[in-house]
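Trainee: Protein chains in written order, with this note's numbering: chain A, 1 to 406; chain B, 1 to 186.
Hints are supplied without guarantee of correctness; some may be wrong.
Stated by the list, open to error - Lysine-lysine pairs mimicking DSS-like chemistry, simulated, CA-CA at most 25 Å apart:
#1 Lys-48/A <-> Lys-74/B
#2 Lys-74/B <-> Lys-62/A
#3 Lys-48/A <-> Lys-87/B
#4 Lys-246/A <-> Lys-110/A
#5 Lys-305/A <-> Lys-284/A
#6 Lys-74/B <-> Lys-246/A
#7 Lys-379/A <-> Lys-74/B
To be verified - Simulated DEER-style distance windows between Cβ atoms:
#8 Glu-133/B <-> Lys-48/A: 44 to 50 Å
#9 Asp-131/B <-> Gly-297/A: 55 to 61 Å
#10 Glu-133/B <-> Gln-27/A: 37 to 43 Å
#11 Gly-384/A <-> Asp-118/B: 29 to 35 Å
#12 Trp-132/B <-> Glu-254/A: 27 to 33 Å
#13 Asp-118/B <-> Glu-44/A: 35 to 41 Å
#14 Gly-61/B <-> Ile-215/A: 53 to 59 Å
#15 Asp-88/B <-> Asn-66/A: 21 to 27 Å
#16 Trp-132/B <-> Ser-329/A: 31 to 37 Å
#17 Asp-212/A <-> Asp-88/B: 30 to 36 Å
Said to hold, decoys possible - Non-contacting residues of chain B with respect to chain A, defined by C-beta distances greater than 12 Å in every case (computed):
#18 Thr-32
#19 Pro-33
#20 Gln-34
#21 Thr-35
#22 Leu-36
#23 His-37
#24 Ala-38
#25 Glu-41
#26 Asp-53
#27 Arg-79
#28 Pro-93
#29 Arg-125
#30 Glu-178
#31 Gln-186
Everything labelled a hint here was simulated from the structure, so no lab data went into it. Every residue, glycine too, gets a C-beta built ideally from N, C-alpha and C.
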Amino acid sequence: MSLSPTPLTPEIVSHEGNAMVLSMGPQHPSTHGVLQIMLEIEGESVIKAEPEIGYLHTGIEKNMENLFWSHGQTNAERMDYLAPSSNALCYVLAVEQLLGITGEIPERAKHIRVLNAELTRIASHCVWLGTHAIDLGAISVFFYCFDLRENILDLQEAAGGARMHPNYLRVGGVNGDLPAGYLERVDALISKFPGRMKELRGLLQANPIFQDRTIDVGILSADEATQWGVTGPALRGSGVAYDVRKAFPYSGYEQYTFDVPTRTEGDAYARFLVRLDEMEESIKIVAQAREKLRTAGPYAIDDPKIFAPPKETIALSMEALIHHFKIVSESFRVPPGDVYQSVEGPRGELGYYIVSNGENRPYRVRTRPASLYNLQALKGIAPGNLIADLVVMIGSLDPVFGEVDR
Amino acid sequence: MPSTQTPPIAGTAIDPPGVRPAIDDAAIEVVTPQTLHARCEALRAGGYAMLLDLGAVDYLGREPRFEVVYHLLKMPNLRVRLRCGVKDGEHVPTVSDIWKNADWAEREVFDLFGIVFDGHPDLRRIQMPHDWEGHPLRKDYPLRGPARERSPRPAFGLKSNVQAGTPPTGRTLEALQEQVKKAREQ
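Here chain B stands alone, though its shape is the one from the complex:
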């Protein structure tokens, strides 16, 4: 069962103004993979010392398909959000040389969306198993896997144990009743 959601905004623009309600949470800038690194360096030099978060969104059916979103913080209370549209298969330059914590965040985006970050020191899966196929947070990733056969489970029932050759305890119902009777008499 693949995801059936439609992307938020029809058309090709990343974020047409007007579709978004007036929320004062951050200043928004739109960048491209080509201008991203230079812009990040400029912002870092301008006091945006902390990369709060780095995540991605898959707008399947729209061009560019992906969007990598950077949340930057300048102490004490200025936030900037960089929205970087990324085409399917396009690479994005890493910002882990600017902010150290981009390391794991970019690995997670690579793992769950399959977006490759050029220049990343150690780009491999982080959340999913290392031999996993596919990128689960993509919108075309199936929500359910193929039906699989039940793996055989070890039998825990008494009957199966007997069948498996477990030696019988030798305690019959009659023997138990005898034991109870004796205990009562004493």
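Chain A on its own, in the form it takes in the complex:
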């Protein structure tokens, strides 16, 4: 194009007077991955902050255009690597909309999906809380959080076979029924959870150092948050009760009773409280899903052209073998069209805009990355604050760079 590329130098931030330009990151420990922020500072006060992203850009969207539909959720899970099941859920829901099979998904599959999405939300918030606390100098919280997260990763491993990226959700259902003893382990988690939350709250919520560092820091008004496209706990911390699970219910969320916690202060402490409350709401949903899963039933649609028959059957049935071979070797075809599907991920509204041209791979997959828009709000809230507070703000916005850069 006609625009000449701008070299990445400190001059990209215009500065006058006594201001100094400081590059924070991309290897700074508090930037949660690979975020660089070009800061214009005067003394310790930030005048202007310009985040530079793209250090983790791996072209996942381009990759997905060239892979089968059935490979999509595997890639989607790699974007927001702390909440794999939320990403996979959004992708499979979008593809199911295009296939026109949304109404045919069995109830059991829906509840298993909800169970997984909520467990992954708790696990993701655990990582957020642990690292946020470490940024503020409280090391021990991290171990409490990761202990809780470990239980959830074990559950993911039991269901999907892998801890970080279970790839358990599939277009048409889930990959196999829950293993024996799984629900009892969920019960154990549910009974352990209140005690753990009490400990976590006890470590931080009334901690004067934590309160000093977070109260009135990074205030985002409701209007400003909307302007920046901020969603999720960051938006609800500013007093806007927008939750995709309530606004556009998906995967049977309308059958669950849960509250949408909001705060009106809009500061880092409010976002902290909203996330803690949200974890407690999530475990309520997990308990409800667990009750709904008492009754057995099919875990995937009965359409061998979309959902491959179980591997065990291919030695017994010629049709099963053929269907299995077709799905593995050339996936399924999706009718032409486009769809926007969103879910409430741990970081906010996670969306997929998918265009199909009728082939066995997507024509275009555009992600709406919640982290990208949440992080962008840093440009609005950073000026006028101290550099030390910037660390708190990044932590409270909870960006995941796999999703920001894709």
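Based on these hints, arrange chain B on the given structure of chain A.
Mentor: Structure of chain B alone, referenced to chain A:
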């Protein structure tokens, strides 16, 4: 190896009704780069306070070639999707003066598709390196680069270290065996 996919719909229309299954995800409007900004201002005044997302699609082989897609949200649960067909080389007015978060989204579309947004305050690459050539999400962008020579790598093997002049340790096999023997005797 360039992408070999065919565009979804043959012909010139952006979205002929009927090709799309009945999905109730948003109200769809078709706009042009000329009418886009005024329509966005009207929608913003009508309560569509949040720009959920802004992305682009490259329908190579179709006119107009690109489509910039805007997803708007009116709280609590109304969504509108604006589809703006853009010819190759045509500019699109920025909406970053209406919604602040269009800033990075438009930069990303510029970076990955090469669509220029007029009036954008800071239009430069965001995901790709600043000196990158080409726009990777275009359908005619090659999936593989030209074959390149392997860059020379530093040698880590013991043999290479000796060749590079690393001083020998002076520990021979016999000396080691002697050492082990002594240790056993003690």
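Trainee: Hint by hint, say whether it matches the structure.
Mentor: Now for the hints, and whether the structure bears them out:
1. Lys-48/A <-> Lys-74/B: Given pair Lys-48/A, Lys-74/B is violated - Cα atoms ~30 Å apart, limit 25 Å.
2. Lys-74/B <-> Lys-62/A: violated (30 Å)
3. Lys-48/A <-> Lys-87/B: Roughly 36 Å separates the two Cα atoms, so the pair is violated.
4. Lys-246/A <-> Lys-110/A: holds (16 Å)
5. Lys-305/A <-> Lys-284/A: Violated - the C-alpha atoms of Lys-284/A and Lys-305/A are around 36 Å apart, more than 25 Å.
6. Lys-74/B <-> Lys-246/A: Status holds; Cα separation ~14 Å.
7. Lys-379/A <-> Lys-74/B: Cα-Cα ~24 Å, so holds.
8. Glu-133/B <-> Lys-48/A: 44 to 50 Å: violated (30 Å)
9. Asp-131/B <-> Gly-297/A: 55 to 61 Å: Holds - the Cβ-Cβ distance for Asp-131/B and Gly-297/A, about 56 Å, lies within 55 to 61 Å.
10. Glu-133/B <-> Gln-27/A: 37 to 43 Å: violated (27 Å)
11. Gly-384/A <-> Asp-118/B: 29 to 35 Å: Holds, since Gly-384/A and Asp-118/B (Cβ atoms, about 31 Å apart) stay within the stated range.
12. Trp-132/B <-> Glu-254/A: 27 to 33 Å: Once the Cβ atoms are compared, 45 Å apart, the range 27 to 33 Å for Glu-254/A and Trp-132/B is violated.
13. Asp-118/B <-> Glu-44/A: 35 to 41 Å: holds (38 Å)
14. Gly-61/B <-> Ile-215/A: 53 to 59 Å: With a Cβ separation near 57 Å, Gly-61/B and Ile-215/A satisfy 53 to 59 Å, so the hint holds.
15. Asp-88/B <-> Asn-66/A: 21 to 27 Å: The hinted range 21 to 27 Å holds for Asp-88/B and Asn-66/A, with Cβ atoms some 22 Å apart.
16. Trp-132/B <-> Ser-329/A: 31 to 37 Å: Hint holds: Cβ distance 35 Å, inside 31 to 37 Å.
17. Asp-212/A <-> Asp-88/B: 30 to 36 Å: violated (56 Å)
18. Thr-32: Thr-32/B clear of chain A: closest Cβ-Cβ about 19 Å, beyond 12 Å.
19. Pro-33: holds (16 Å)
20. Gln-34: holds (21 Å)
21. Thr-35: holds (21 Å)
22. Leu-36: holds (18 Å)
23. His-37: holds (17 Å)
24. Ala-38: About 20 Å separates Ala-38/B from the closest Cβ of chain A, which puts it past 12 Å; holds.
25. Glu-41: Consistent with the label, Glu-41/B stays out of reach of chain A, its closest Cβ about 14 Å off (over 12 Å).
26. Asp-53: At roughly 4 Å from the nearest Cβ of chain A, Asp-53/B sits no farther out than 12 Å, so the non-interface label is violated.
27. Arg-79: violated (7 Å)
28. Pro-93: Answer for Pro-93/B: holds, closest chain A Cβ roughly 16 Å.
29. Arg-125: Nearest chain A Cβ is 6 Å from Arg-125/B, so the label is violated.
30. Glu-178: holds (47 Å)
31. Gln-186: Its Cβ never comes within 12 Å of chain A, the nearest being 44 Å, so this holds.
Violation of the numbered hints given earlier is confined to hints 1, 2, 3, 5, 8, 10, 12, 17, 26, 27, 29; the remaining hints are satisfied by the structure.
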